[in-house]
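Chain A is fixed; fit chain B onto it per the hints.
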Amino acid sequence: MFEDKVIPLDVWVSQFVDWLVDNYRHVFQAIKWPIEQTLNGFDTGLNALPPLLVIVLIAVAAWRFSGISLAIFSMITMTLIGLLGLWGESMTTLAMVLSAVIFCAIVGIPLGIVAGRSDRFEAWIRPALDAMQTTPAFVYLVPIVMLFSVGNVAGVLATIIFSIPPIIRLTSLGIRQVHPELVEAAQAFGATNWQVLRRVQVPLAMPTILAGLNQTIMMALSMVVIAALIGAGGLGSPVMLGLNTLDIGRAVIGGLAIVLMAIVLDRITQSMAQKR
Amino acid sequence: MESDAKIVVRNLYKIFGSDPEQALELLAKGLEKAEIFEKTGMTVGVNNANFEIHAGEIFVIMGLSGSGKSTIVRMLNRLIEPTSGQVIVDGKDVVQMSQDELVKFRLHNMSMVFQSFALMPHLTVLENAAFGLELAGADKAKQRERAMEALAQVGLEGWEDSYPAQLSGGMQQRVGLARGLAVDPDILLMDEAFSALDPLIRTEMQDELLKLQESDQRTIVFISHDLDEALRIGDRIAIMEGGRVVQVGTPEEILQNPEDDYVRAFFRGVDPTNVISAGDIVRDTHPTIIKTKVGSLRAAHELLSSSERDHGYVLDAKHRFLGVVSSESLRHAIESSPKGSAIDMAYLPEGVAVRADASMQDILPEVASKAWPVPVVDENNVYKGVVSKNRFLRTLHRTEEQMEANRQHQDSAA
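Taken in sequence, the protein lines are chains A and B. Sequential numbering of the first sequence, starting at 7, is according to the numbering used here. Sequential numbering of the second sequence, starting at 713, is according to the numbering used here.
Bound conformation, chain A alone:
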């Protein structure tokens, strides 16, 4: 019965994206610019540093936030990634993850704070976050490529969209979990809105916010393979390449390196959250 009664939504969306590309190209270039700078900075920096120094830096971070055992574990794991012959790719992935997470934090924490303090904003942003998390990444890869072309920057953008929801959600949750009496007490002693936020709500929400950051990092890592579809480099590319050429060994070492890296980042950021 629907043969001749189809809503041409697909046509409309295509037309809309085409129109965006034609008319607002400069806007998207402006969005792209800071991400590109950050990413290139990290990528060049991490790849230029001697691997041993990077390993030691990561171990020191692990030691500061957790302890000697995590430091040793991180050292061994990172060395293993190097021994798999994927050091360069893993540094590119780390740079992409770091860039994505930095922008997620810059955008996500303030949004989460607003959502935590305003029921109306929370109600409005919640469906948007649900959509961002549940829409298959492949759906928005095409418009992203059209708007930002292929490559690492487009990959980071896709990663940001996919991995920003947890930090917004958990920041909002953290702010909401602060006891209303504490906020009331601060107000009773003459705290302004900003002081309530800075001295009471944010410090007390910090463990939850850091848990959100940890989730965001994990989601960002899980996007690297998908980002490789649109030409992003890093650990995703050996996996993609392996899949395309049926080179199982290659795909597996790529996957293994991603898992190892995820474990290290997860442990370090988790101990950050617990330390607070």
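For the record, the hints were derived by calculation from the structure and aren't laboratory data. Wrong hints could be hidden among the right ones.
Footprint (simulated), chain B over chain A, 3 or more residues, beta carbon under 8 Å [unchecked claim]:
no.	segment
1	177 to 191
2	198 to 211
Cβ pair distances, simulated, as ranges [claimed, not checked]:
no.	chain 1	residue 1	chain 2	residue 2	range
3	A	30	B	734	46 to 52 Å
4	B	753	A	15	40 to 46 Å
5	B	833	A	47	35 to 41 Å
6	A	66	B	870	35 to 41 Å
7	B	737	A	112	49 to 55 Å
8	B	1091	A	126	56 to 62 Å
9	A	126	B	947	42 to 48 Å
10	A	30	B	816	45 to 51 Å
11	A	126	B	808	24 to 30 Å
Ideal placement from N, C-alpha and C gives every residue a C-beta, glycine not left out.
What follows is chain B alone, placed relative to chain A:
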């Protein structure tokens, strides 16, 4: 008494709900809180509250939960925005203040102690005590000095580097109190401040508060649901029910003349001898002898016999109590030292005075054991009058009757 009113609350209303104006109109038409809730779903939190709080007194607002007492105290510093009415502090209407004025007012004039302590778990005891000072932007050294002073006042020296979670409930509330005192406010709001503490600690904290009050004379607004607490620390009490302030007065006034059944119900089971003090029942029925004027024994004896009383009370020129004499002790002194001039010789050895603020219970042994009416003095030893056995028993009888009437009234109402 308008002049020493620190806080004046006038026609204060708080409606919780979507259309407060509508609820106010219904209230004006004489509808009850329950009817308004049924009709509109809105809750009348505070209904036309009017009272004055004097400078330097402890004003207890008492009521059961849901009576609006916590709402009222939060409208004094506008943690809850009043629906209509005035809260005038030192002549300035808090309700009309801009946000900036309000912040300044909260920083400097009024601080608050909470039932749940509401200490910042991420700050040390010292940082918590200095919280108000830090918000006000005081410099670090001053913050530390004032906070340490306040902690010392509440007996928490040596705990400044601990975190609240390491302290017992009583100690946490001491930190809460220190935080309130550190900013040196003229008004201290205490919202069921001691209700979460166990009874022994609660009494200890009440004593502590009274002791602090003796030295500092702040205006304290104390919310409580505990009558014993209210009677113990309150100079005056306001009793609230269903958002209305039912009665305001001193504990004695309310006890002796309760406004309605609700107030009566509160005072059921209260022992009146604990509430009524010597000062409340003192009478000036006996002759006083000013030592410097009526110096001689004979003149004093003359005075007593002309007033047909057996006992007289000797005072100095400033009306400070010196001793009790009787016709007999005077005669005895005249006989033993004929040239005698000093009235001191005739003082009855057991003729001591009681304080005006002692309860009837406290002075009972004194009244019962002495042959003469017991003299009453204020805290400066100035003579106020006497309490006779007769007067004591009559007061007791009257309040007993009153209590009995209340009880019957209550039972027939129930």
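So, going through the hints one by one against the coordinates:
Under the rule that three or more residues need a Cβ within less than 8 Å of chain B, the assignment of the segment 177 to 191 of chain A holds, with 5 such residues. Proximity of the segment 198 to 211 of chain A to chain B, defined as three or more residues with a beta carbon under 8 Å from a beta carbon of that chain, is established by the 6 residues found. Between residue 30 of chain A and residue 734 of chain B the beta carbons are some 49 Å apart, a value that agrees with the proposed interval 46 to 52 Å. At roughly 43 Å, the beta carbons of residue 753 of chain B and residue 15 of chain A sit within the given window of 40 to 46 Å.
As the Cβ distance of residue 833 of chain B to residue 47 of chain A is approximately 38 Å, the hint placing it in 35 to 41 Å holds. Range check, residue 66 of chain A to residue 870 of chain B: Cβ separation about 37 Å, and the 35 to 41 Å hint holds. The hint said 49 to 55 Å for the Cβ distance between residue 737 of chain B and residue 112 of chain A, and at roughly 50 Å that hint holds. About 59 Å separates the C-beta atoms of residue 1091 of chain B and residue 126 of chain A, a value consistent with the hinted range of 56 to 62 Å.
For the pair residue 126 of chain A and residue 947 of chain B, the supplied restraint of 42 to 48 Å holds, since their beta-carbon distance comes to about 46 Å. Restraint check, residue 30 of chain A to residue 816 of chain B: a C-beta distance of roughly 47 Å satisfies the suggested window 45 to 51 Å. Checked against the hint of 24 to 30 Å, the C-beta distance between residue 126 of chain A and residue 808 of chain B comes to roughly 28 Å, which is consistent with it.
The structure fails none of the hints (numbered hints given earlier).
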